[in-house]
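**Q** Sequence:
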Amino acid sequence: MNVDVTVEAVIDRPVEEVAGYAGDPSNAPAWYANIRSVRWRTKPPVRVGSQMDFEARFLGRRLSYTYQVVELVANQRLVMRTTDGPFAMETTYSWQPADGGGTLMRLRNRGNPTGFAAVAAPVMQLAMRRAMSKDVTLLAKQLNNR
Numbered sequence: 001m002n003v004d005v006t007v008e009a010v011i012d013r014p015v016e017e018v019a020g021y022a023g024d025p026s027n028a029p030a031w032y033a034n035i036r037s038v039r040w041r042t043k044p045p046v047r048v049g050s051q052m053d054f055e056a057r058f059l060g061r062r063l064s065y066t067y068q069v070v071e072l073v074a075n076q077r078l079v080m081r082t083t084d085g086p087f088a089m090e091t092t093y094s095w096q097p098a099d100g101g102g103t104l105m106r107l108r109n110r111g112n113p114t115g116f117a118a119v120a121a122p123v124m125q126l127a128m129r130r131a132m133s134k135d136v137t138l139l140a141k142q143l144n145n146r
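Sequential numbering of the sequence shown, starting at 1, is according to my numbering.
Incorrect hints may appear among the rest.
[As the list claims (entries may be wrong)] Using C-beta positions, here's what the derived DEER-type ranges look like: (1) N112 - A33: 33 to 41 Å; (2) N144 - N2: 13 to 21 Å; (3) G101 - R57: 30 to 38 Å; (4) D12 - Q51: 26 to 34 Å; (5) D99 - R39: 36 to 44 Å; (6) K134 - R62: 13 to 21 Å.
[Claimed, not checked] Cross-link-like lysine to aspartate or glutamate pairs, in silico, EDC-like; alpha carbons within 20 Å at most: (7) K43 - D84; (8) K141 - E8; (9) K141 - D99.
Since the hints were derived computationally from the structure, they do not count as laboratory data.
Using N, Cα and C, we set each Cβ at its ideal position, and we do this for glycine too.
Work the whole structure out from these sequences, hints included.
**A** Here is the structure:
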């Protein structure tokens, strides 16, 4: 079974500010509860081809994986795919002006778990939705309090 989870939040900040902060992988540990660290393999700033090693904790397990940026449209969209890790995953951030002001941010994770993760995919998908919802809520709080 594939997993495909999308969450969104309206953040009361300009698109450029939200995209600039959320689209910088160095900031991920500050607003993703499960990401412990990010180490750049390529030199910042983020651009197509950039690679970063992420260390995370999810469902009680330590996960290490490498993401590569495959698409970047300034202040609109960032897509990263794993090149190394427990299973293939793609993360997409998108930003657009929200009705009434601010920014509508969408966060999407989709992938193809293998092995034990494939068996646990339904549970994994629910846990991902909960975690991702908390993450974008924390991001919104952090940016709204700037």
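**Q** For every hint, state whether the structure bears it out.
**A** Hint check results:
no., hint, verdict
1, N112 - A33: 33 to 41 Å, "violated (24 Å)"
2, N144 - N2: 13 to 21 Å, "violated (33 Å)"
3, G101 - R57: 30 to 38 Å, "holds (35 Å)"
4, D12 - Q51: 26 to 34 Å, "holds (33 Å)"
5, D99 - R39: 36 to 44 Å, "holds (38 Å)"
6, K134 - R62: 13 to 21 Å, "holds (19 Å)"
7, K43 - D84, "holds (19 Å)"
8, K141 - E8, "holds (14 Å)"
9, K141 - D99, "holds (19 Å)"
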